[in-house]
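Student: Listed below are the residues making up each chain.
There are 2 protein chains.
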Amino acid sequence: MNLPSLSDDAAAGKRAAMTSDPQRPEARAPRGFIDRRARDVVAERAILAAVSGVYERWGFEPLETGAFEYADALGKFLPDADRPNAGVFALQDDDEQWMALRYDLTAPLARFAAQHWETLPKPFRRYAFGPVWRNEKPGPGRFREFWQCDADTVGSARPEADAEIIAMAAEGLEAAGLPAGSALIKINNRKLLNGLMTAAGVVDEGQKLAVLRAVDKLDRLGPDGVRLLLGEGRKDESGDFTKGAGLSGAAAERVLAFTAAGAGDRAATLAKLADVIGGSAEGDEGLAELAAIDAALSGLGVGADRAAFEPSVVRGLEYYTGAVFEAELLLSTVDDKGHPVRFGSIGGGGRYDDLVARFTGERTPATGFSFGVSRLASALKAAGRDPGKAVRGPVVVIAFDQSRMADYFAVAKEIRAAGIAAEVYLGTSGMRPQMKYADRRLSPAAVIVGEDELAAGTVTIKDLDLGRALASKVADNAAWREERPGQQTIPRGELVAALRRILDAG
Amino acid sequence: MNLPSLSDDAAAGKRAAMTSDPQRPEARAPRGFIDRRARDVVAERAILAAVSGVYERWGFEPLETGAFEYADALGKFLPDADRPNAGVFALQDDDEQWMALRYDLTAPLARFAAQHWETLPKPFRRYAFGPVWRNEKPGPGRFREFWQCDADTVGSARPEADAEIIAMAAEGLEAAGLPAGSALIKINNRKLLNGLMTAAGVVDEGQKLAVLRAVDKLDRLGPDGVRLLLGEGRKDESGDFTKGAGLSGAAAERVLAFTAAGAGDRAATLAKLADVIGGSAEGDEGLAELAAIDAALSGLGVGADRAAFEPSVVRGLEYYTGAVFEAELLLSTVDDKGHPVRFGSIGGGGRYDDLVARFTGERTPATGFSFGVSRLASALKAAGRDPGKAVRGPVVVIAFDQSRMADYFAVAKEIRAAGIAAEVYLGTSGMRPQMKYADRRLSPAAVIVGEDELAAGTVTIKDLDLGRALASKVADNAAWREERPGQQTIPRGELVAALRRILDAG
Numbered sequence: 001m002n003l004p005s006l007s008d009d010a011a012a013g014k015r016a017a018m019t020s021d022p023q024r025p026e027a028r029a030p031r032g033f034i035d036r037r038a039r040d041v042v043a044e045r046a047i048l049a050a051v052s053g054v055y056e057r058w059g060f061e062p063l064e065t066g067a068f069e070y071a072d073a074l075g076k077f078l079p080d081a082d083r084p085n086a087g088v089f090a091l092q093d094d095d096e097q098w099m100a101l102r103y104d105l106t107a108p109l110a111r112f113a114a115q116h117w118e119t120l121p122k123p124f125r126r127y128a129f130g131p132v133w134r135n136e137k138p139g140p141g142r143f144r145e146f147w148q149c150d151a152d153t154v155g156s157a158r159p160e161a162d163a164e165i166i167a168m169a170a171e172g173l174e175a176a177g178l179p180a181g182s183a184l185i186k187i188n189n190r191k192l193l194n195g196l197m198t199a200a201g202v203v204d205e206g207q208k209l210a211v212l213r214a215v216d217k218l219d220r221l222g223p224d225g226v227r228l229l230l231g232e233g234r235k236d237e238s239g240d241f242t243k244g245a246g247l248s249g250a251a252a253e254r255v256l257a258f259t260a261a262g263a264g265d266r267a268a269t270l271a272k273l274a275d276v277i278g279g280s281a282e283g284d285e286g287l288a289e290l291a292a293i294d295a296a297l298s299g300l301g302v303g304a305d306r307a308a309f310e311p312s313v314v315r316g317l318e319y320y321t322g323a324v325f326e327a328e329l330l331l332s333t334v335d336d337k338g339h340p341v342r343f344g345s346i347g348g349g350g351r352y353d354d355l356v357a358r359f360t361g362e363r364t365p366a367t368g369f370s371f372g373v374s375r376l377a378s379a380l381k382a383a384g385r386d387p388g389k390a391v392r393g394p395v396v397v398i399a400f401d402q403s404r405m406a407d408y409f410a411v412a413k414e415i416r417a418a419g420i421a422a423e424v425y426l427g428t429s430g431m432r433p434q435m436k437y438a439d440r441r442l443s444p445a446a447v448i449v450g451e452d453e454l455a456a457g458t459v460t461i462k463d464l465d466l467g468r469a470l471a472s473k474v475a476d477n478a479a480w481r482e483e484r485p486g487q488q489t490i491p492r493g494e495l496v497a498a499l500r501r502i503l504d505a506g
Numbered sequence: 001m002n003l004p005s006l007s008d009d010a011a012a013g014k015r016a017a018m019t020s021d022p023q024r025p026e027a028r029a030p031r032g033f034i035d036r037r038a039r040d041v042v043a044e045r046a047i048l049a050a051v052s053g054v055y056e057r058w059g060f061e062p063l064e065t066g067a068f069e070y071a072d073a074l075g076k077f078l079p080d081a082d083r084p085n086a087g088v089f090a091l092q093d094d095d096e097q098w099m100a101l102r103y104d105l106t107a108p109l110a111r112f113a114a115q116h117w118e119t120l121p122k123p124f125r126r127y128a129f130g131p132v133w134r135n136e137k138p139g140p141g142r143f144r145e146f147w148q149c150d151a152d153t154v155g156s157a158r159p160e161a162d163a164e165i166i167a168m169a170a171e172g173l174e175a176a177g178l179p180a181g182s183a184l185i186k187i188n189n190r191k192l193l194n195g196l197m198t199a200a201g202v203v204d205e206g207q208k209l210a211v212l213r214a215v216d217k218l219d220r221l222g223p224d225g226v227r228l229l230l231g232e233g234r235k236d237e238s239g240d241f242t243k244g245a246g247l248s249g250a251a252a253e254r255v256l257a258f259t260a261a262g263a264g265d266r267a268a269t270l271a272k273l274a275d276v277i278g279g280s281a282e283g284d285e286g287l288a289e290l291a292a293i294d295a296a297l298s299g300l301g302v303g304a305d306r307a308a309f310e311p312s313v314v315r316g317l318e319y320y321t322g323a324v325f326e327a328e329l330l331l332s333t334v335d336d337k338g339h340p341v342r343f344g345s346i347g348g349g350g351r352y353d354d355l356v357a358r359f360t361g362e363r364t365p366a367t368g369f370s371f372g373v374s375r376l377a378s379a380l381k382a383a384g385r386d387p388g389k390a391v392r393g394p395v396v397v398i399a400f401d402q403s404r405m406a407d408y409f410a411v412a413k414e415i416r417a418a419g420i421a422a423e424v425y426l427g428t429s430g431m432r433p434q435m436k437y438a439d440r441r442l443s444p445a446a447v448i449v450g451e452d453e454l455a456a457g458t459v460t461i462k463d464l465d466l467g468r469a470l471a472s473k474v475a476d477n478a479a480w481r482e483e484r485p486g487q488q489t490i491p492r493g494e495l496v497a498a499l500r501r502i503l504d505a506g
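Protein sequence lines, in the order shown, are assigned to chains V and W. Note that the working numbering has the first sequence beginning at 1, numbered continuously upward. Note that the working numbering has the second sequence beginning at 1, numbered continuously upward.
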């Protein structure tokens with residue numbers, strides 16, 4: 001073999017590359033886009049595999065639509081004149097039509113369902129996961145590309161379809177690794193909020209919005225703060241005044257009673273809500289839907305510790321037409337400064353009966369649940385269940401002698417045949433860099449097959465897990481290196497068994 | 001519960017939707033983009049899971065980069081003036097920088113490796129899969145978005161790194177389901193082709209290209225046709241004349257001897273090639289590399305039935321700098337008209353030592369293999385190994401009575417708890433449409449829990465597989481329906497066992 005000529009060649013290529021293009025591009029990912037390494041990829045794949053398994057067992061079929069949709073099919077983000085509105089990544093196709101990258105998985109589902117409605121099994125139950133794109137200003141933890149995972153039922157107006165989505169979402173989150181009881185799905189209904197407005201005598205749309213904005217601040221401000229915002233207004237710590245919704249005292253108390261009706265027990269919440277808003281047509285309708293959801297959840301064995309009615313949940317009012325869900329992680333985590341913070345929402349959804357009608361003109365009932373995959377991965381980390389932390393590197397077979405490469409390859413093949421990841425070091429460096437390589441790869445072990453070992457029919461194994469554990473404890477690294485803890489020379493036939501012991505201990 | 005009010009509501013919504021927007025968008029996927037349903041998704045996921053398992057066992061770590069790269073990082077597709085070159089989907093970011101969707105997975109790897117070179121373990125071994133985008137004219141079987149799966153080693157100039165990629169690709173294709181022996185990885189080396197040019201006395205770049213174009217037609221035209229193209233030229237059946245490369249007879253025979261050197265046995269091929277091109281410096285270098293690849297492949301147990309040297313392989317000449325691979329499916333398939341056709345290439349790769357240097361100015365050796373995921377899925381179908389054909393629908397629990405929904409849900413839950421996909425029908429239709437729904441979902445069975453069954457503690461199961469099998473044989477469908485074959489009423493406690501029997505028989 002002629003390795004020196006390879007080096008000559010490499011030198012020639014280097015000279016060529018260095019002179020040919022003095023204006024080299026900078027190697028950098030676009031703003032707001034990230035590269036994900038093994039640990040994150042493995043964690044997110046584990047989530048998606050677990051959740052997909054649950055969704056398929058519930059009779060939801062996978063669907064993958066393309067990255068692009070025509071801009072008119074995406075709805076609110078229509079292009080104006082030369083440049084599309086902010087919010088999506090859009091471009092004009094050869095035939096002048098504007099296309100945009102999907103910003104969620106629901107809009108493509110609505111387009112797909114409308115396009116194929118006649119031939120689909122109905123109700124149509126599908127789940128999907130994949131990247132979505134938002135053309136927004138990136139920031140810390142805020143990316144322009146991220147993965148979502150959705151499950152939706154299109155074509156069933158039954159509240160049981162909502163209940164099923166809720167129960168399945170709870171099961172999916174637990175299958176992904178969230179400890180039982182660590183997440184709660186809070187359920188509200190758009191119709192209850194409308195009923196509340198009737199009961200509180202709020203008819204002006206601007207006033208309605210002010211009331212809902214006040215309710216949405218309950219978590220942060222508490223009932224007293226919300227009471228001010230429902231009335232004349234509230235001055236915050238900095239002295240800034242926020243004008244209130246201008247409700248009468250009685251009306252404000254009714255709104256507060258509504259928001260306080262969440263009681264854990266679902267039937268008790270419904271009874272309290274009926275006291276506050278019963279009698280308004282839309283409120284009664286919402287209560288009837290929640291009663292049906294409660295019965296179905298109970299049939300599915302989902303108690304109020306996993307799915308509860310929470311009238312203070314206000315989300316997606318422009319979008320949802322009935323039931324609304326929000327999954328909240330109940331665990332606390334710590335922020336950058338070490339302060340405990342509530343983790344908060346890890347997903348949500350609801351009933352959106354108007355989306356398919358944009359295409360077909362026929363109202364088509366639909367309901368679904370969506371979560372951000374890396375958001376759930378963060379939640380799992382906060383819960384101490386990071387599926388990526390188990391990521392290990394391969395066993396590295398050390399390469400000394402290029403005339404022995406075939407022997408090293410045979411050793412690696414033998415280890416892989418036992419189902420253990422293994423590779424031969426393919427760089428050109430000596431022993432120390434090879435051990436450093438194995439360490440960087442988080443390899444459990446390095447295998448040495450030198451001339452002595454080949455002659456004696458043995459292999460030498462370095463337990464790198466043990467090495468790492470000792471290195472982190474022993475101050476005198478030099479002494480540790482001298483003693484070579486965790487290094488053993490064993491008959492070749494015992495190689496796989498020895499590696500298994502190291503892996504099992506790791 | 002108040003279902004009638006739901007219907008009233010739906011009707012009101014329908015009226016509202018039909019009058020509110022007379023200019024409704026058409027529901028259609030963008031040109032060249034497709035929606036993939038369960039069968040395709042399941043088949044492609046099975047491929048990716050199997051191949052990922054192999055690649056990880058070989059010590060390759062997963063990496064996911066974003067959909068976008070800066071256009072300058074993508075290389076040859078740089079934007080000119082207002083509009084980027086054809087070939088990629090590009091758009092200008094807020095900060096005026098041009099971004100483009102990746103057209104393969106290698107360019108993002110080169111960018112990533114250049115960006116993080118100092119901190120990466122070296123050699124850097126990564127695999128990746130995901131969609132890539134080509135802004136080209138779509139056609140039958142030709143899409144503007146498709147999935148690729150790549151494995152690459154960056155930072156090793158060793159021919160053993162090529163050998164490893166080849167052996168791993170062969171194992172990956174077999175793990176995905178290709179029968180052993182149905183695919184062959186053909187290996188060539190760019191340097192051999194350069195050596196051939198020296199040996200045949202071809203120095204003019206235009207003449208070199210004409211020679212390589214002629215060699216590339218060997219499959220289609222055979223040696224006699226290629227001989228004409230190497231010499232003065234060739235007139236085809238339609239009378240069109242293609243000007244030849246203008247080689248002398250002796251030079252043309254040398255080229256033909258080169259292309260005919262592929263002999264199955266790798267060592268024999270190398271010996272023949274040495275006869276034809278030995279003595280040219282670059283040819284000898286290419287031969288030395290192939291000899292090292294041969295030795296490593298033999299150490300890995302990969303015979304010439306899975307990976308052979310084939311000097312007539314000409315691909316990616318602008319791109320590859322050393323070894324070149326092409327995986328070919330040896331099975332024949334039939335075209336639209338029922339004629340047998342060779343399936344051809346299912347993947348390829350090679351050594352590309354110049355790609356990272358675009359950023360860093362330092363030549364960085366790299367080698368890899370790539371395949372199109374749906375192309376491999378088609379190959380598996382051609383080989384009778386379609387992993388998507390096993391896709392089944394869920395067991396459907398028939399819903400008669402809305403006051404009994406909680407009972408139906410409990411039955412579905414029980415079935416799912418046994419690991420069998422199950423759902424309650426959530427539409428509002430009667431028995432016949434529900435059975436049709438189950439049939440469309442390819443459900444193995446429908447479960448009926450009517451008042452009689454509830455009173456008696458039984459369930460009725462319809463074996464839909466049996467029904468479908470009989471329906472395809474029995475002409476008299478009406479008689480078949482009367483007899484209700486495959487329908488059984490059994491104690492509730494035997495439900496799961498009975499469903500298992502149906503699934504196992506299916």
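Worth flagging that the hints you see were computed from the coordinates, not collected in a lab. Check each hint, because a few of them may be wrong.
Once the Cα atoms are required to be at most 20 angstroms apart in a straight line, the calculated EDC-like pairs of lysine to aspartate or glutamate come out as [to be verified]:
| hint | chain 1 | residue 1 | chain 2 | residue 2 |
| --- | --- | --- | --- | --- |
| 1 | V | K436 | V | E414 |
| 2 | W | K436 | W | E414 |
| 3 | W | K413 | V | E232 |
| 4 | V | K389 | W | D465 |
| 5 | W | K137 | V | E96 |
| 6 | W | K436 | V | E118 |
| 7 | W | K208 | W | D93 |
| 8 | W | K413 | V | D216 |
| 9 | W | K272 | W | E253 |
| 10 | W | K137 | V | D94 |
| 11 | W | K389 | W | E318 |
| 12 | V | K243 | V | E232 |
| 13 | V | K436 | W | E118 |
| 14 | V | K413 | W | E174 |
| 15 | V | K137 | W | D95 |
| 16 | W | K137 | V | D93 |
| 17 | V | K137 | W | E174 |
| 18 | V | K413 | W | E56 |
| 19 | V | K272 | V | D305 |
| 20 | V | K137 | W | D465 |
| 21 | V | K413 | W | D305 |
| 22 | V | K235 | V | D265 |
| 23 | V | K217 | V | E253 |
| 24 | W | K389 | V | E56 |
| 25 | W | K413 | V | E56 |
| 26 | V | K381 | V | E414 |
| 27 | V | K137 | W | D452 |
| 28 | V | K208 | V | E282 |
| 29 | W | K389 | W | D407 |
| 30 | W | K137 | V | D95 |
Student: Compare the structure with each hint and give your call.
Tutor: Hints, verified against the model:
1. K436(V) <-> E414(V): 23 angstroms, violated
2. K436(W) <-> E414(W): 23 angstroms, violated
3. K413(W) <-> E232(V): Roughly 51 angstroms separates the two Cα atoms, so the pair is violated.
4. K389(V) <-> D465(W): 43 angstroms, violated
5. K137(W) <-> E96(V): 14 angstroms, holds
6. K436(W) <-> E118(V): 14 angstroms, holds
7. K208(W) <-> D93(W): 42 angstroms, violated
8. K413(W) <-> D216(V): Violated, because 35 angstroms separates the two Cα atoms, which is more than 20 angstroms.
9. K272(W) <-> E253(W): This hinted pair holds, its Cα atoms lying about 14 angstroms apart.
10. K137(W) <-> D94(V): OK: K137(W) and D94(V) at ~9 angstroms, within 20 angstroms.
11. K389(W) <-> E318(W): 40 angstroms, violated
12. K243(V) <-> E232(V): Holds, because 6 angstroms separates the two Cα atoms, which is no more than 20 angstroms.
13. K436(V) <-> E118(W): Holds, at roughly 14 angstroms.
14. K413(V) <-> E174(W): With Cα atoms ~16 angstroms apart, K413(V) and E174(W) stay inside 20 angstroms; holds.
15. K137(V) <-> D95(W): 11 angstroms, holds
16. K137(W) <-> D93(V): 11 angstroms, holds
17. K137(V) <-> E174(W): Answer violated: K137(V) to E174(W) is near 45 angstroms, above 20 angstroms.
18. K413(V) <-> E56(W): 13 angstroms, holds
19. K272(V) <-> D305(V): 19 angstroms, holds
20. K137(V) <-> D465(W): The hint is violated at about 53 angstroms.
21. K413(V) <-> D305(W): 19 angstroms, holds
22. K235(V) <-> D265(V): Violated, at about 35 angstroms.
23. K217(V) <-> E253(V): 16 angstroms, holds
24. K389(W) <-> E56(V): 16 angstroms, holds
25. K413(W) <-> E56(V): 13 angstroms, holds
26. K381(V) <-> E414(V): Measuring from Cα to Cα gives roughly 35 angstroms; hence the hint is violated.
27. K137(V) <-> D452(W): 62 angstroms, violated
28. K208(V) <-> E282(V): With a Cα-Cα distance of about 15 angstroms, the restraint between K208(V) and E282(V) holds, given a limit of 20 angstroms.
29. K389(W) <-> D407(W): The given pair, whose Cα atoms are some 33 angstroms apart, is violated under the 20 angstroms limit.
30. K137(W) <-> D95(V): 11 angstroms, holds
Comparing the model with each numbered hint stated earlier shows that hints 1, 2, 3, 4, 7, 8, 11, 17, 20, 22, 26, 27, 29 do not hold.
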